[in-house]
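Fit chain B to the known structure of chain A by using the hints.
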Amino acid sequence: MQFLSQVLTNTEVSPGYFRMQMTAPPVVLDAVAGQFVMVKVRRAIDPLLRRPFGIYDMGTFITPYTDCGHQTFVEILYKVVGQGTAMLADLHQGDHLDIIAPLGKGFDLGEEGEEKILIGGGVGLAPLYLLAKELVKSHKVRLFAGGRSKEDVLCITEFERLGVETYVATDDGTLGDRGLVTQVMMKHLAAGGGPKRLYACGPFPMLRAVAGIAEEMQVDCQVSLEAFMACGMGACLGCVVKGVNHSVETPDYRCVCKDGPVFDSIDLSWD
Amino acid sequence: MIKPNMSVEIAGIKMRNPVMTASGTFGYGEEFSGYMNLESIGAMITKGLSLKPKAGNNTPRIVETPGGMLNAIGLQNVGIEAFIAKKLPFLRRVDTPVIVNLYGNSLEEYGELAARIDGIAEVAGVEVNISCPNVKQGGIVFGTDPAAAAQVVALVRRETSKPLIVKLSPNVTDITLMAKACVDAGAEALSLINTLTGMAIDLQSRRPVLANVTGGLSGPAIKPVALRMVWQVAKAVNVPIIGIGGIMNATDALEFILAGATAVQIGTANFLTPAASQEIAAGMQQWLTANRVGDIRELIGALKS
Numbered sequence: 458m459q460f461l462s463q464v465l466t467n468t469e470v471s472p473g474y475f476r477m478q479m480t481a482p483p484v485v486l487d488a489v490a491g492q493f494v495m496v497k498v499r500r501a502i503d504p505l506l507r508r509p510f511g512i513y514d515m516g517t518f519i520t521p522y523t524d525c526g527h528q529t530f531v532e533i534l535y536k537v538v539g540q541g542t543a544m545l546a547d548l549h550q551g552d553h554l555d556i557i558a559p560l561g562k563g564f565d566l567g568e569e570g571e572e573k574i575l576i577g578g579g580v581g582l583a584p585l586y587l588l589a590k591e592l593v594k595s596h597k598v599r600l601f602a603g604g605r606s607k608e609d610v611l612c613i614t615e616f617e618r619l620g621v622e623t624y625v626a627t628d629d630g631t632l633g634d635r636g637l638v639t640q641v642m643m644k645h646l647a648a649g650g651g652p653k654r655l656y657a658c659g660p661f662p663m664l665r666a667v668a669g670i671a672e673e674m675q676v677d678c679q680v681s682l683e684a685f686m687a688c689g690m691g692a693c694l695g696c697v698v699k700g701v702n703h704s705v706e707t708p709d710y711r712c713v714c715k716d717g718p719v720f721d722s723i724d725l726s727w728d
Numbered sequence: 063m064i065k066p067n068m069s070v071e072i073a074g075i076k077m078r079n080p081v082m083t084a085s086g087t088f089g090y091g092e093e094f095s096g097y098m099n100l101e102s103i104g105a106m107i108t109k110g111l112s113l114k115p116k117a118g119n120n121t122p123r124i125v126e127t128p129g130g131m132l133n134a135i136g137l138q139n140v141g142i143e144a145f146i147a148k149k150l151p152f153l154r155r156v157d158t159p160v161i162v163n164l165y166g167n168s169l170e171e172y173g174e175l176a177a178r179i180d181g182i183a184e185v186a187g188v189e190v191n192i193s194c195p196n197v198k199q200g201g202i203v204f205g206t207d208p209a210a211a212a213q214v215v216a217l218v219r220r221e222t223s224k225p226l227i228v229k230l231s232p233n234v235t236d237i238t239l240m241a242k243a244c245v246d247a248g249a250e251a252l253s254l255i256n257t258l259t260g261m262a263i264d265l266q267s268r269r270p271v272l273a274n275v276t277g278g279l280s281g282p283a284i285k286p287v288a289l290r291m292v293w294q295v296a297k298a299v300n301v302p303i304i305g306i307g308g309i310m311n312a313t314d315a316l317e318f319i320l321a322g323a324t325a326v327q328i329g330t331a332n333f334l335t336p337a338a339s340q341e342i343a344a345g346m347q348q349w350l351t352a353n354r355v356g357d358i359r360e361l362i363g364a365l366k367s
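Chains A and B are the protein sequences, given in the same order. Residues 458 to 728 (the working numbering) are what the first sequence spells out, left to right. Residues 63 to 367 (the working numbering) are what the second sequence spells out, left to right.
Derived by calculation from the structure, the hints in this document are not laboratory data. One thing to keep in mind: the hints can contain errors.
As the list claims (entries may be wrong) - Covered stretches of chain A, going by a simulated chain B footprint (3 or more residues, C-beta under 8 Å):
| hint | segment |
| --- | --- |
| 1 | 498 to 506 |
| 2 | 683 to 690 |
What the hints assert, rightly or not - Label-pair restraints from in silico Cβ distances:
| hint | chain 1 | residue 1 | chain 2 | residue 2 | range |
| --- | --- | --- | --- | --- | --- |
| 3 | A | 705 | B | 264 | 22 to 28 Å |
| 4 | A | 551 | B | 287 | 36 to 42 Å |
| 5 | A | 614 | B | 148 | 47 to 53 Å |
| 6 | B | 264 | A | 544 | 17 to 23 Å |
| 7 | A | 483 | B | 353 | 37 to 43 Å |
| 8 | B | 168 | A | 607 | 56 to 62 Å |
| 9 | A | 543 | B | 273 | 22 to 28 Å |
| 10 | A | 527 | B | 364 | 51 to 57 Å |
| 11 | B | 273 | A | 538 | 18 to 24 Å |
| 12 | B | 177 | A | 705 | 25 to 31 Å |
| 13 | A | 472 | B | 366 | 54 to 60 Å |
| 14 | A | 487 | B | 367 | 52 to 58 Å |
| 15 | B | 353 | A | 458 | 29 to 35 Å |
| 16 | A | 521 | B | 367 | 55 to 61 Å |
C-beta: ideal position from N, C-alpha, C; glycine also.
Just chain B, same shape as in the assembly:
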């Protein structure tokens, strides 16, 4: 039997299959190399990088919830320069596209980050995290205001010619408005959803469990919300969608493809099974073979109504 085609292309990034690892759940790749073949997946997305190293939040930073977890890590990362100097040399030797996730605390920071990464040949593309507060302008989250998001995207677009993915927050009234604003400003692909804001309370101490009070909910608990949003956005824009949200196995991943995603990102599942992304990619291919689908692209948005 002929193997089904699994390769897809996102914003010009050619991937051997549609499975990517989500930012913040896969370290800088190296952490997982002892558990899986990093060349078995479509792409790796780094931990979110800022201009300067960032300490992150106080602890507790994580708490388990039914079918999910809340995290408030606070974007702890080594900073863009340390990433280039210390983390990229390992990734350079891996034959899998590396996409860097970038976030700034101001418009200017996004611009500087994009310009810095533009000349780095080993970086296949940029994923912009807009789910962070604009510290300079009163802390309004870029990702919840279409005009602010468009400004960020347009600036990053000017500063780099790398393929440009924008990661959308689900914590908005109408995600299609955000999606359209980002695409109009130059986004070549959209990844969604980032975590849903939530909180957990400890009854006995009468305190929030997380030091940050609120955190981002991820895991299987958010999958139905993510599927719905991918489906909505896929109908609203004409760029490839990367589906994210509680994908634990190949079935979950293929559901996102049917809903309109061209690729998927594996997040929380990496914490449970370090080789989750490899297993999911293999499982998707098996499903295609078993169901006589010759090309994964036949399933993109193929949801029957």
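So that you can see chain A by itself, here it is in the shape it has in the complex:
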């Protein structure tokens, strides 16, 4: 649904990374982890298009300022990468936003008794937090978080507060192990143990590596993709990715916005 929202908080959690809480109608709580919101950052024709963000968190809090005594919110975690996100970073409490949410297909929580392994690269941690919140209710959850440097590893404390066991790797070694987070995750998988399920969100090369590991180790794996998109609802066909059966003769394009953003890694072509 489309709704007008007000900014509740907009905080820089690390240089260039922000967390923003926004008011939302209660129906938004029907969203599942992995779904996303489309935000119009300004009531103007420039920038023209909405910006998609995975839902980082949502919930309600008690407030004297609404008729019913509580307020629903959605929260996003975003990185300033261009004009739209820079404008978003300039917003303050009380500023208005036009939002469409929830959109897309979220994560499948999988089977009972599985160890859930989350792999996030940089701002890709965003949709994994809401997922972790759901999973910790009845599963062992481990998070492997990666980034270029310690400033790019976000919200680790928040995951730990949920009871998630966290592992960190950075390219420059300023936090956790030096190297790729996928290698750290690989070591953990190789150590064996019970059934596992992987959930990954981050840069495409990281997702491709995770998908490759999942295939090799025969572990179920879901990935959440990011893409440029105009509409977020399957109309513009701007955000497509190639499905596993894709060829020139038998096109198999899937919309990140509608068929995803969460896909089973085996359903995509990783070439």
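Just chain B, lined up with the frame of chain A:
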């Protein structure tokens, strides 16, 4: 107060108001049914349909530009047969005319498409997209050559008795020449403008942003060009014009009506506000009421000079 008349007729298609949804921006209708009342607008135009399913271009396919966006989707679509089998059953239940947008890679394909759609009762009319290359004849775009465009239109005219709209490309020296050629060949209405060809470059990588290098510019950025072309064409031909190009609100839509359009199509705005077409139709009616205009048709081409 009496409600103003909003209904108009295009090539025999009766519409409750002049607001249509532009091809390629409204999916196959169903995608938008959760966001708006599909029976609040004048007509829906499908995504462009080809004889065979079409994969479309590689990504990136879209990029935002100041006040607009470039797209090079490459006409990805399910093909005419899948449309009839899978998409039309939903549209059949909606009491709003459905116009199919058709495009071919050769003259023959246009003919086959028109013949195939002719017997489909639920289809209220045909909009022919001539802004695609003639693959068989060296890739010259039908829509930039008056003789080639006339050939396409005449063939489609022979193959179907459905109301026939031709969608014009703005990427020509004189759009009135194209307009006249299409009308002479049997077009009963003209819709304009399709997107303006443009490109975007990424300085750091020194590459074009779009995989296809060039793409079609749409959105508010093209509205002045579209208004000018609608105004020119409306003076040059005697068939109804459907104005398209960056319409974001009721004011924009009414400007096109003044310039000579009988109806309008909403395109890029659907991406920002899924209910844009419904809101624009309602806004136009409010403006008429507030300004004591009893009939939308009084405004068609009523631009003062």
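For each hint, the structure was consulted:
Under the rule that three or more residues need a Cβ within less than 8 Å of chain B, the assignment of the segment 498 to 506 of chain A holds, with 5 such residues. Look at the segment 683 to 690 of chain A against chain B: 6 of its residues bring a Cβ nearer than 8 Å to a Cβ of that chain, three or more, so the hint holds. Judged by the Cβ atoms, the range 22 to 28 Å given for residue 705 of chain A and residue 264 of chain B holds: they are separated by roughly 26 Å. Separated by about 39 Å at the C-beta atoms, residue 551 of chain A and residue 287 of chain B satisfy the suggested range of 36 to 42 Å.
A hinted range of 47 to 53 Å holds for the C-beta pair residue 614 of chain A and residue 148 of chain B, which are about 49 Å apart. Here the CB-CB span from residue 264 of chain B to residue 544 of chain A is close to 21 Å, well matched to the stated 17 to 23 Å. A hinted range of 37 to 43 Å for the beta carbons of residue 483 of chain A and residue 353 of chain B is consistent with their spacing of about 40 Å. With their beta carbons about 59 Å apart, residue 168 of chain B and residue 607 of chain A fall inside the hinted range of 56 to 62 Å.
For residue 543 of chain A and residue 273 of chain B, the Cβ-Cβ distance of about 26 Å falls inside the hinted range of 22 to 28 Å, so the restraint holds. At roughly 53 Å, the beta-carbon separation of residue 527 of chain A and residue 364 of chain B lies within the given 51 to 57 Å, and the hint holds. A hinted range of 18 to 24 Å holds for the C-beta pair residue 273 of chain B and residue 538 of chain A, which are about 20 Å apart. Distance hint check: the CB atoms of residue 177 of chain B and residue 705 of chain A are about 27 Å apart, consistent with the given range 25 to 31 Å.
Taking 54 to 60 Å as the suggested C-beta distance range, the pair residue 472 of chain A and residue 366 of chain B conforms, at roughly 57 Å. A hinted range of 52 to 58 Å holds for the C-beta pair residue 487 of chain A and residue 367 of chain B, which are about 55 Å apart. Range check, residue 353 of chain B to residue 458 of chain A: about 32 Å between beta-carbon atoms, so the 29 to 35 Å window is met. Against the hinted window of 55 to 61 Å, the Cβ-Cβ separation of residue 521 of chain A and residue 367 of chain B comes to about 60 Å, which satisfies the hint.
No hint from the list above goes unmet by this structure.
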